[in-house]
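Asks: Letter by letter, the chains look like this.
Number of protein chains: 4
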Amino acid sequence: MTDDCEVCDVRHAHHSDQFKNDMKNRLSRIEGQVRGINRMIQEDVYCDDILNQIAAVQNALISAGEMLLDAHIKSCIVENIQSGKLEVVDELMVTIKKLIR
Amino acid sequence: MTDDCEVCDVRHAHHSDQFKNDMKNRLSRIEGQVRGINRMIQEDVYCDDILNQIAAVQNALISAGEMLLDAHIKSCIVENIQSGKLEVVDELMVTIKKLIR
Amino acid sequence: MTDDCEVCDVRHAHHSDQFKNDMKNRLSRIEGQVRGINRMIQEDVYCDDILNQIAAVQNALISAGEMLLDAHIKSCIVENIQSGKLEVVDELMVTIKKLIR
Amino acid sequence: MTDDCEVCDVRHAHHSDQFKNDMKNRLSRIEGQVRGINRMIQEDVYCDDILNQIAAVQNALISAGEMLLDAHIKSCIVENIQSGKLEVVDELMVTIKKLIR
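Residue numbers (my numbering), protein chains in the order written: chain A, 5 to 105; chain B, 5 to 105; chain C, 5 to 105; chain D, 5 to 105.
Source of the hints: derived by calculation from the structure; they are not laboratory data. This one's a predicted model, so the numbers in the text were calculated from it and none came from an experiment. All residues carry an ideal CB built from backbone N, CA and C; glycine is no exception. Any given hint could turn out to be false.
[Said to hold, decoys possible] In silico DMTMM-like pairs for lysine to aspartate or glutamate, Cα to Cα no more than 25 Å straight-line: (1) Lys102/C x Glu47/B; (2) Lys102/A x Asp74/A; (3) Lys78/C x Glu95/C; (4) Lys24/C x Glu95/C; (5) Lys78/B x Asp52/D; (6) Lys89/B x Glu91/C; (7) Lys102/D x Glu95/C.
[To be verified] Reference excerpt, derived from the structure (chain A facing chain D, CB under 7 Å, subset only): (8) Met71; (9) Asp74; (10) Ile77; (11) Lys78; (12) Val82; (13) Ile85; (14) Glu91; (15) Val92; (16) Val93; (17) Lys102; (18) Leu103.
Okay, chain A solo, but in the shape it has when bound (with noise of 0.2 Å):
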């Protein structure tokens, strides 16, 4: 068993420091849009404006979950199932029908 499958084994990530600071920046940005959204909505900000603000962050954060199923795909559900364990499927599948809908 390599080190990587022990690491999924245990419901561990392991991801690069390159993907942690990029998914740092994505979800700060985020962070800071929502804490906008909430000073608007304060400050009487037109609706309209708001929702498309809103759309926006359901946009950016729709791509930060794409980007996290992406590294989850290629590490932990490629080593679980190249060490036979294709019940993480199952898994799987449950997760993204609620990305999806």
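Add chains B, C and D to chain A, keeping to what the hints say.
Replies: The following block gives chains B, C and D in isolation, referenced to the frame of chain A:
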């Protein structure tokens, strides 16, 4: 022209304190969830758990957007339509399409 | 009460021939695509190609829905709001929420 | 190389009769619903009722897509990963992204 129409006309919202408080609570919670997701990634939490959290934030964001859209239609859109400014419907459709996709 | 309002009141639509024709073309194409997907599955076409076709039909269906929503808001919703039947907005929001999710 | 892998390799699916039957029933129902929506528009049925029907078809189509995606991952994707053809994951991610948006 009523006061309300005038307010809409200059593209400002005019929410009740209760509405602002409700949105504040929702968006503060979302902001905290996004911050939590960021920390989970830095701490190598299992991706599938994070993806489920991302799906939960997406739903919370959609709910907040729907609540704001509801308030927007019931105030600004209704007032504009009643004072004959039907061009507001085109703006509304552009925004709804962004929320749908 | 205008003729239009009366028509909306009894919950009927009143689309132009051009609109009906456009929707007919869109929906006939979607119907053909769904039939094609069904045939592809029976003929063991590669799943990924079929999934791409399903995504295309989803987009076509969303477009048709947006087109109908646009027509609905610009006719029935506007007329109802103008004649003071604001309860139509609640019905609209329920429907928009179903389209968003 | 197993027979299954060979089949995947040439980009063909190999579904059970039960799966094909289930998909046939789902897609035939969807096809009928789309035809029904077309007829409803031509007959000036109230838009809100049609929009609800469109939302129902969207959900049915998403369910059919999820069912096919599940079968695809459990057969072709698993087999390809097990025989070292990891490039299949990139193709899968492109498709999942289309279904998510």
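Asks: Would you mind marking each hint as holding or not holding in the structure?
Replies: We went through each hint and held it up to the structure:
1. Lys102/C x Glu47/B: Not OK: Lys102/C and Glu47/B at ~37 Å, beyond 25 Å, violated.
2. Lys102/A x Asp74/A: Holds, because 15 Å separates the two Cα atoms, which is no more than 25 Å.
3. Lys78/C x Glu95/C: holds (15 Å)
4. Lys24/C x Glu95/C: Within the cut-off at roughly 23 Å; holds.
5. Lys78/B x Asp52/D: The given pair, whose Cα atoms are some 18 Å apart, holds under the 25 Å limit.
6. Lys89/B x Glu91/C: holds (20 Å)
7. Lys102/D x Glu95/C: violated (30 Å)
8. Met71: Status violated, d = 10 Å.
9. Asp74: holds (5 Å)
10. Ile77: holds (6 Å)
11. Lys78: holds (6 Å)
12. Val82: holds (6 Å)
13. Ile85: This interface hint holds because 5 Å falls under the 7 Å limit.
14. Glu91: violated (11 Å)
15. Val92: For Val92/A, the interface hint is violated, since the closest Cβ of chain D sits about 10 Å away, which is over 7 Å.
16. Val93: Holds, about 6 Å.
17. Lys102: violated (10 Å)
18. Leu103: holds (6 Å)
Comparing the model with each earlier hint shows violations of hints 1, 7, 8, 14, 15 and 17; every other hint is respected.
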